[in-house]
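**Q** Chain residues, written in single-letter form:
There are 4 protein chains.
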Amino acid sequence: MARPKTGDKRSAILQAATVTIASNGLGASTASIAKAAGVGEGSLFRYFADKDELLNELYRELKNNMRHAMTSGFPAEAALKVRARHIWDSYVSWGMDSPDKRKTMAQLSVSDRVLERIRQEGQAGFDGISATMQQIVDRGKLCALPPRFVNDLLLSMAETTMAAMANEPRKAERYRAAGFEAFWSAAAKK
Amino acid sequence: MARPKTGDKRSAILQAATVTIASNGLGASTASIAKAAGVGEGSLFRYFADKDELLNELYRELKNNMRHAMTSGFPAEAALKVRARHIWDSYVSWGMDSPDKRKTMAQLSVSDRVLERIRQEGQAGFDGISATMQQIVDRGKLCALPPRFVNDLLLSMAETTMAAMANEPRKAERYRAAGFEAFWSAAAKK
Amino acid sequence: MARPKTGDKRSAILQAATVTIASNGLGASTASIAKAAGVGEGSLFRYFADKDELLNELYRELKNNMRHAMTSGFPAEAALKVRARHIWDSYVSWGMDSPDKRKTMAQLSVSDRVLERIRQEGQAGFDGISATMQQIVDRGKLCALPPRFVNDLLLSMAETTMAAMANEPRKAERYRAAGFEAFWSAAAKK
Amino acid sequence: MARPKTGDKRSAILQAATVTIASNGLGASTASIAKAAGVGEGSLFRYFADKDELLNELYRELKNNMRHAMTSGFPAEAALKVRARHIWDSYVSWGMDSPDKRKTMAQLSVSDRVLERIRQEGQAGFDGISATMQQIVDRGKLCALPPRFVNDLLLSMAETTMAAMANEPRKAERYRAAGFEAFWSAAAKK
DNA sequence: GATGAATGAGGCTTCATTCAT
DNA sequence: GATGAATGAAGCCTCATTCAT
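Residue numbers (the working numbering), protein chains in the order written: chain R, 12 to 201; chain S, 12 to 201; chain C, 12 to 201; chain Z, 12 to 201.
Calculated directly from the structure, the hints in this document are not laboratory data.
One thing to keep in mind: the hints can contain errors.
Identical copies go unnamed one by one, so any copy, or any two together, can satisfy a pair.
[Unchecked claim] The calculated lysine-lysine pairs, modelled on BS3-like cross-linking and capped at a C-alpha distance of 27 Å, are:
1. Lys182 - Lys152
2. Lys114 - Lys20
3. Lys114 - Lys182
4. Lys92 - Lys152
5. Lys20 - Lys62
6. Lys114 - Lys46
7. Lys62 - Lys114
Please build the complete structure, drawing on both the sequences and the hints.
**A** Here you go:
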């Protein structure tokens, strides 16, 4: 029996990629990622066929991670605004707790090296959240529009909020609350 | 592209860079940009010391271009919401009329190759707009926060709106209007 | 390919190497050969110290195989031309029956990774055949030259003949016969 | 005006490739070829898009070179055997005068990296020679077969002859003559 | 001033080989 | 003994930048 492929190494590479890409962009070299992971240059390619596959898997990983952060503890039975606030808070917390993940995710979201197929798979599993979004839309001002739009609006407003939070950490909580209220005003029924 | 008149080479390079980067990302080679500009590979470096300078100048150029689009015809005396709507509309129009500029701007905005100094210079000159933003803040729900935050909120909401417009061109105008109302609800006094 | 019985691994590797090299050239990776043999990547190196040794052993194996095909049933007592024809036919049959062996042999014959020592060992054991060659030389037009030359002439003429046969299968037998007559005319007494 | 692309450099690369491939096979690295040519690694790719293109151009070059050697001074009006002998001699001389060209040509002829299209282009321009081959076929023993076959036969017999000449330089001329007689006996009318 | 030929550093990827299991 | 995970050297190729013309 050969040495088993340690799941650790795969994770180490993905984590190293997150950090390295966060600070150097998608142009970060595979060599630098491997080095950051404490792994030989060639080893990276045992786990990922090529750089594009690494990028796609990283997207999937981060999306999963984000989904977990947002889904766990979701108060499915609570009032609409409470649920919305949970979505907002859990997303912002995820982003602020791991700025590298957030930055890297931002780059991947914009890159055309992430396949459409992977993107769509990434949408799955946000069930409670999607349902909530749908309700916000249905009962809100934007009822004529696809929930996707509201969802994206939330993400981009949260992004802006996080940037402000990162910039002025002392006012972080104020931004977080204000950002949510802005979103809620934008989307919910008058 | 034909060989541009001598004095226009700089402009030709910037324009070619806009197009080329829009479709190939910031990794677009200087050679490909020069070629698209109808200019020799080496000539590019007579106008820009290196690629980073080109990128920074391009940022400045696009920001100027955007400023011009948003500033000209600005109804400085109109009611607040009218002015806000003008800001929104002119920004969205700028982005939808020249998708290459918008895409390239998006890449530059996120890249750390654009110096902070240049970014800040780019803020200048949006006078009427800044004043309007200030008023929106002062008179609105977000009065405790810096106008910069509201400004960024507008930009990111408009960005999301433009993405939706580009995705479903038939509903474009509906998105544009809905996006603005969302922003206005988010920022203005109840 | 299923996992071969333990004792057969060596053979499985050699056979897999024949097939793989025939279609991918000597650059075929050891990993691909191992895989084709249904054997672990590392196992290959338990049977062959390194790739060069594999190549040399493969040369030896194919040469042995070819010798067997040409030697068995050799009509040692028949007339000279009959024996010559048997040499020709058995060589051509060997090559046409197993194109992979022929192609791989062609690559190995030309490669400098096969040691001169191995090449020479490969000559041995063609006893009846060598004797026949000697007679062709002695009694023929080329009597002043070493039998090795005539032997090589036969091989290369047969090679050319096989290429033509492979190219136009319908005329295969015509080529086979014509090729031999050409050789016989070239080498035998007027 | 930029520095003109010196035809010399292209030639230097092709020549270096000839030498390097002759001794290291088609696996010779582009770096080693560039170095042998006294040229930067990257420069090679200004003259040839990739290694395959280099190989194809090299094939063309060598074929042209060979054609020139065989065509110039061709005694178009002479007797058939005289013309055949000229073909034989000029081909053998070409091969013996430049063993590197011969070895490299041999590798290229066998490689599937040389495109069929290039191969066919290479056939062109051997007019006097093709005509002569046709006559040898028409008037000879192999009249039922395509001239291509006789042509290939000549080449392979000459190849074998050259190998012998190279092996025993002192008997070189004897081999050259004997080889031709063998060919003539094989192909011409009794 | 304009050009594009020249280049080496660096990027991605493959591969023969080693060795822990 | 068998395996395949691990690896770094080496291969092909790209590219920003320099500089001869």
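**Q** Please go over all the hints and tell whether each is borne out by the structure.
**A** Results for each hint:
1. Lys182 - Lys152: Between. Shortest inter-copy distance 17 Å satisfies the 27 Å Cα cut-off; intra-copy 30 Å does not.
2. Lys114 - Lys20: Answer is within: at 22 Å inside a copy they meet the 27 Å cutoff, but 36 Å across does not.
3. Lys114 - Lys182: within (21 Å within a copy, 31 Å between copies)
4. Lys92 - Lys152: both (14 Å within a copy, 18 Å between copies)
5. Lys20 - Lys62: within (16 Å within a copy, 29 Å between copies)
6. Lys114 - Lys46: Answer is within: at 20 Å inside a copy they meet the 27 Å cutoff, but 33 Å across does not.
7. Lys62 - Lys114: both (18 Å within a copy, 23 Å between copies)
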